[in-house]
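**Student:** Below, each chain spelled out in residue letters.
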Amino acid sequence: QKEVEQDPGPLSVPEGAIVSLNCTYSNSAFQYFMWYRQYSRKGPELLMYTYSSGNKEDGRFTAQVDKSSKYISLFIRDSQPSDSATYLCAMSYDYKLSFGAGTTVTVRA
Amino acid sequence: DAEITQSPRHKITETGRQVTLACHQTWNHNNMFWYRQDLGHGLRLIHYSYGVHDTNKGEVSDGYSVSRSNTEDLPLTLESAASSQTSVYFCASGAGTAEAFFGQGTRLTVV
Chain G
1 QKEVEQDPGP LSVPEGAIVS LNCTYSNSAF QYFMWYRQYS RKGPELLMYT YSSGNKEDGR
61 FTAQVDKSSK YISLFIRDSQ PSDSATYLCA MSYDYKLSFG AGTTVTVRA
Chain B
110 DAEITQSPRH KITETGRQVT LACHQTWNHN NMFWYRQDLG HGLRLIHYSY GVHDTNKGEV
170 SDGYSVSRSN TEDLPLTLES AASSQTSVYF CASGAGTAEA FFGQGTRLTV V
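Keeping their order, the protein sequence lines are chains G and B.
Counting in the working numbering, the first sequence runs from 1 upward without gaps.
Counting in the working numbering, the second sequence runs from 110 upward without gaps.
It is possible that some hints are incorrect.
Said to hold, decoys possible - Short, incomplete list of chain G residues facing chain B, as computed with Cβ under 8 Å:
id: 1; residue: P10
id: 2; residue: M34
id: 3; residue: K42
id: 4; residue: G43
id: 5; residue: L46
id: 6; residue: L47
id: 7; residue: L88
id: 8; residue: Y95
id: 9; residue: K96
id: 10; residue: F99
id: 11; residue: A101
id: 12; residue: G102
Said to hold, decoys possible - As a list, the in silico DSSO-like pairs of lysine-lysine whose alpha-carbon atoms are at most 30 Å apart:
id: 13; chain 1: G; residue 1: K2; chain 2: G; residue 2: K96
id: 14; chain 1: G; residue 1: K2; chain 2: B; residue 2: K166
id: 15; chain 1: G; residue 1: K67; chain 2: B; residue 2: K120
id: 16; chain 1: G; residue 1: K42; chain 2: B; residue 2: K166
id: 17; chain 1: B; residue 1: K166; chain 2: G; residue 2: K70
Keep in mind that the hints were calculated from the coordinates and are not lab data.
As the structure is a computational prediction, the values presented were derived from the model and not from experiment.
Here a beta-carbon is modelled for each residue, glycine too, at the ideal position from N, C-alpha and C.
Take the sequences, apply the hints, and build the full model.
**Tutor:** If you want it as C-alpha cells, here you go:
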C-alpha cells in the first residue's frame, strides 16, 4: 500500500464548476500537507500549504485537512480553463515530501 | 530573483554510460532533493541533502548517487544508465520548512 493515495482521474468539468480533489494517507508522522499544481512539461509549483487540521482559504482555493481520518482535500471554486493541470497532494515529515500520483483536471470553456 | 535551475533539460544517453544531471539553486536553501516522475507513480524521492556534505538515500536510490560540496548545487549521477531510469527528473530545494520549490525538470531517455 502506498503512503499517499490519490485518484489519478482524469477529471473534466465545465468552466465555473467546483473542482474537488482528495488524498488519503497512512503515515501518522506526516505533519505538513501541501497541494502542488503542475502544468504539462513544467515543474510542480506550490499552491497551498497547511499544518493543522481544518480549512485554509486562498482566493478560489480551499484546502482541508482531517488528521483523524488521514484525509485531505482541495476545492477550486469558479474553475477556469487556466486551472487545467495536474494537481498533486504532498505530505511531509523531516522535510521530505511524499506525493500522491496526481489528478489531471481539465476545465472546459 | 532567486531560482532553481536544472541542466540539461533533455538528455539521451546509452545504456551503461555514466550521466550527471545538474541542479543549482540561488535561494541559499539548506535542503535539496532529487525526485523522478513516472506515469502511475507520481514523484518518488531518489536522494536528499540537509546541508553541505550531507546526503541521504530516498525511496528509489539504487543506481543513483549525489554529492553536496556547496549549498547551491546537488548533482545527480547515474552510475551506469539503465532503460529503467528513463524518466523525468526534478530537483527541489527548501529552507527548512516543509515547502519545497521545484526546477523545470530534466527529461532523460536511456536507449
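**Student:** Now tell me if each hint is right for this structure.
**Tutor:** A quick look at each hint next to the structure:
Nearest Cβ of chain B to the Cβ of G:P10: about 13 Å, over the 8 Å cut. The hint is violated. Contact between G:M34 and chain B, as hinted, is supported at the beta carbon level, the nearest pair being about 7 Å apart and thus within 8 Å. Here the hint on G:K42 is kept, as its CB sits about 6 Å from the closest CB of chain B, short of 8 Å. Given the 8 Å rule on beta carbons, the hint for G:G43 holds: about 4 Å separates it from the nearest Cβ of chain B.
Hint on G:L46 holds. Least Cβ distance to chain B is approximately 6 Å, under the 8 Å limit. The criterion of a C-beta within 8 Å of any C-beta in chain B is not met by G:L47, whose closest approach is roughly 11 Å, and the hint is violated. A cut of 8 Å between beta carbons decides the hint on G:L88: the least distance to chain B is about 7 Å, and the hint holds. Annotation: interface hint on G:Y95 holds; nearest CB of chain B at approximately 5 Å, less than 8 Å.
The closest approach between the C-beta of G:K96 and any C-beta of chain B is roughly 6 Å, which is under the 8 Å cut-off, so the hint is satisfied. Nearest Cβ of chain B to the Cβ of G:F99: about 4 Å, under the 8 Å cut. The hint holds. For G:A101, the interface hint holds, the least distance from its beta-carbon to any beta-carbon of chain B being 4 Å, beneath 8 Å. Hint on G:G102 holds. Least Cβ distance to chain B is approximately 6 Å, under the 8 Å limit.
Annotation: proposed proximity of G:K2 to G:K96 holds, straight-line Cα distance about 16 Å (limit 30 Å). Proximity of G:K2 to B:K166 is assessed by CA-CA distance (about 18 Å); at most 30 Å being required, the pair is judged to hold. The hinted pair formed by G:K67 and B:K120 fails the criterion: a straight-line CA distance of about 41 Å is larger than 30 Å. A distance of roughly 25 Å separates the Cα atoms of G:K42 and B:K166; the hinted pair therefore holds under the 30 Å criterion.
Distance check on the hinted pair: B:K166 and G:K70 sit about 26 Å apart at the alpha-carbon level, within 30 Å; holds.
Comparing the model with each numbered hint stated earlier shows that hints 1, 6, 15 do not hold.
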